[in-house]
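From first to last, the protein sequence lines are chains A and B.
Letter by letter, the first sequence follows residues 12 to 178 of my numbering.
Letter by letter, the second sequence follows residues 12 to 178 of my numbering.
Simulated from the structure, these hints should not be mistaken for lab results.
Certain hints may be false.
Since the list can't tell identical chains apart, any single copy or any two copies may satisfy a pair.
Straight-line alpha carbon distances no greater than 25 Å define the calculated SDA-like cross-link-like pairs of lysine to any residue that follow [what the hints assert, rightly or not]:
hint	residue 1	residue 2
1	139	176
2	92	21
3	172	96
4	157	79
5	92	69
6	18	176
7	92	80
8	18	82
These numbers were taken from a predicted model, which means no experiment stands behind them.
Number of protein chains: 2
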Amino acid sequence: MLETIYKRRSIRAFHPDPVPEATLRELIRAAMHAPSAGDERPWQFVIVDDRELLRRVPTVHPYASMVPTAPVAILVCGDLKLETHEGFWVQDCSAAVQNLLLAVTAHGLGAVWLGVHPRRDRVEGLRKLLGLPDHVVPLALVPIGKPAEEPAPEDRFEPEKIHRNGW
Amino acid sequence: MLETIYKRRSIRAFHPDPVPEATLRELIRAAMHAPSAGDERPWQFVIVDDRELLRRVPTVHPYASMVPTAPVAILVCGDLKLETHEGFWVQDCSAAVQNLLLAVTAHGLGAVWLGVHPRRDRVEGLRKLLGLPDHVVPLALVPIGKPAEEPAPEDRFEPEKIHRNGW
Chain A
12 MLETIYKRRS IRAFHPDPVP EATLRELIRA AMHAPSAGDE RPWQFVIVDD RELLRRVPTV
72 HPYASMVPTA PVAILVCGDL KLETHEGFWV QDCSAAVQNL LLAVTAHGLG AVWLGVHPRR
132 DRVEGLRKLL GLPDHVVPLA LVPIGKPAEE PAPEDRFEPE KIHRNGW
Chain B
12 MLETIYKRRS IRAFHPDPVP EATLRELIRA AMHAPSAGDE RPWQFVIVDD RELLRRVPTV
72 HPYASMVPTA PVAILVCGDL KLETHEGFWV QDCSAAVQNL LLAVTAHGLG AVWLGVHPRR
132 DRVEGLRKLL GLPDHVVPLA LVPIGKPAEE PAPEDRFEPE KIHRNGW
């Protein structure tokens, strides 16, 4: 488990091999096991594997140039109608994204977290592209595939950011 | 890895045994390996194991009654001075909290994510209790200890929340 946490790196180059349907389901299952405020589970997931849609994503997101090269992407959204604890959907959905990325790594695949909300142009662009209703807010787009790059593990421990019983 | 994701449950009852210092460090190391927008790593961690401070936490957080029974708690904060991509610190720090919870589970310990931000009273109460500067925003308080309860695993898969190439 801890090895998976340390092994996970952002992957932006993919082989075109498709991700099996059963694997996609397992990735989303892992995402859905994130904790959420009062167990509200305010998430929705959009699997995007239509080549034309993937090709158009970079027209609505400035850092998504690799998306058309990925076999599939998963858009993690917050559903404001499901939010029973106001103000916590972003945290809930972010925990789900992190579970998704770790499950991707555990499956030997690669992915990158492309931030969407709170950038209004990205939110509106993806909403229009995918026909999302107004109460569904795209939080993060995660292209997924067999990695075509292998970034070295990195030590990110910063002890100066640890405090004790106060500041 | 996937087993850890499914095994993780919110734990609100603890044995008083202390969590070894090396373990605390490993838990925070795992949290620090979360992805963040542009690798900004806008987090700060406050370890709280002073009994008097733990005893006072429920006076500033309405769902923290178990905190005084935990040997230790970690407060995950966002440092607005470290945020280089405006608006993404909550997502970054939430991914760090999720890594922390998974590392807790992997170590055979238990924890619960107590939401702080964006509830102003909880933010200000914890800021005052711990002397946090204005640019440091407490996001989540995570009491940690040896579990004194063992909730059964739960199936949280909701296929109706999966969509394909649009809504």
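Hint compliance check: list the failing hint numbers for this structure, sorted ascending.
Of the numbered hints given earlier, those the structure breaks are 5, 6, 7, listed in rising order.
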